[in-house]
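Trainee: Here is what each chain is made of, one letter per residue.
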Amino acid sequence: MSLFSSTAVLLGKELRTEFRSRELLTTTVVFILVVVVLFSFTFDASSAESRRFAASLLWLAFLFAASLMLQPCFLREQSNDTLSALRLSVKDPFAIFAAKLSANTLFLLLTELLMLPVFSVLFNVPVFPVFGQLVVVLFLGSLGVSIAGTALSAISAQARMRELLLPLLLLPLLTPVLVASTRVTLALLDTEPYMEWKGIGFLIVFDVVFLTALWLFGEYLLEE
Amino acid sequence: MTPPTVSPVGIRFENIDKRYGGLYALRRVSLEIAAGECVVLAGRNGSGKTTLLRIATRLVRPSSGSITFLDRKNGAITAGSQTGFVAHATMVYDELTAEENLLLFAQLLGLAEPAARAAALLAEVGLTDRRKSLVRTFSRGMRQRMAIARALLNEPSIFLLDEPATGLDPQGVSWLAGTLRQMRDAGRTILMSLHGESEISALATRAVRLEAGSVIADTRTGASLPSILAFAGA
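These protein sequence lines map, in sequence, to chains A and B.
Using the numbering used here, read the first sequence as starting at 1 and increasing by one per residue.
Using the numbering used here, read the second sequence as starting at 1 and increasing by one per residue.
To be clear, the hints were calculated from the coordinates, so they are not data collected in a lab.
C-beta atoms are modelled at their ideal positions from N, C-alpha and C, and glycine is treated no differently.
Be aware that a few hints might be false.
As the list claims (entries may be wrong) - Just so you have them, the derived chain B footprint on chain A, three or more residues with Cβ under 8 Å: (1) 14-28; (2) 72-82.
Unchecked claim - Computed beta-carbon distance windows for the label pairs: (3) A/I155 with B/T205: 37 to 47 Å; (4) A/L3 with B/K132: 26 to 36 Å; (5) B/A116 with A/P193: 48 to 58 Å.
Generate the whole structure from the sequences, applying the supplied hints.
Mentor: Here it is, written out as structure tokens:
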């Protein structure tokens, strides 16, 4: 079975199990809602300050949500040793990563899109005039977070202090993505919005480099 | 269950070492399982049985040494896809139905007619009536049937089982023994770890005892089968 077909089959499994239990989506949406609401109390929604800080707060909330979402990514495969079953069944182990990072990106993007209207109202920042551009940066940022996060989730799942290890490894590694995503979002939320192409270029390069590294070395992360 | 006759495949372990840090899980294990043999691995907990089985599946890479799959004439062959593995865990998803589980793995294995193969195996393990039920609603015995069905999807020549009778009631053990007997008679090579004597251990044509990661007794080199199995239950 080709890499693409295996990935499609595994992605179907990831989506089916999540939409059946809604464990990750429910937890993450509630969590991110609480974070955004709490942040909103610290700013005057009518002031320019709100516009200045909103982008960084938004990505900080997304980072918290991502670390919550990525933790069980490989841990769930351990309870019944299903990761071994997958390794014995797929020809290319990268299919396991490709499916998981696609699912994580989709879930993260879905959470972000659900949060955007709430964020817009609470922070009094209009997002709909730049919605298309925002989706682009949300996608590239979420993809970067998911690629690095999925790889680290595979590593931390086999470690003893797994709950602590993932955020510990994730935060420094994701700093460049978060900085770039925040800068692009800040530019889009400006009173005169513009697309910061330098940031978009950086996000694309980050995604391509990490995806290539995962494709080359991912197999070793799955070994016992 | 009436498994088709398969091309027998054997396994040769040569000087296998497996270290986790400074701890040896296996030490200089050399063992040759002939095609069509039914071998029981016996030994106390932590003696290296599971590690040896997982090395045979290639889920675990040995620290040193080699593993070779052999045809009937002891010629080396590539047999990565000819192994079926039943681990201590079920290796199926609790959140999927029995049918979805088998279909998923059949598709990943690239089988020609995954739906038909999944349906046939569900019938063989007696779970057709529960094919639409989530695996998390199954009893231990039903889960074990699912585990065996998954391992048989690709009609493996070598069947590896890690303590397959754990948690099964007497009826479950009898069913498993009957299933394994048919597999053995069909020419499959069986290598399984067991604790103690049972209907399943009675199928063994050979027994090997491991202790602290080394082979210390083998019926092929003169040890008696009952003594090894009796020891394993101690």
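Trainee: Run every hint past the structure and note whether it holds.
Mentor: Results of checking the hints against the structure:
| no. | hint | in the structure |
| --- | --- | --- |
| 1 | 14-28 | holds (count 4) |
| 2 | 72-82 | holds (count 4) |
| 3 | A/I155 with B/T205: 37 to 47 Å | 42 Å, holds |
| 4 | A/L3 with B/K132: 26 to 36 Å | 31 Å, holds |
| 5 | B/A116 with A/P193: 48 to 58 Å | 56 Å, holds |
In this structure, none of the earlier numbered hints is contradicted; all agree with it.
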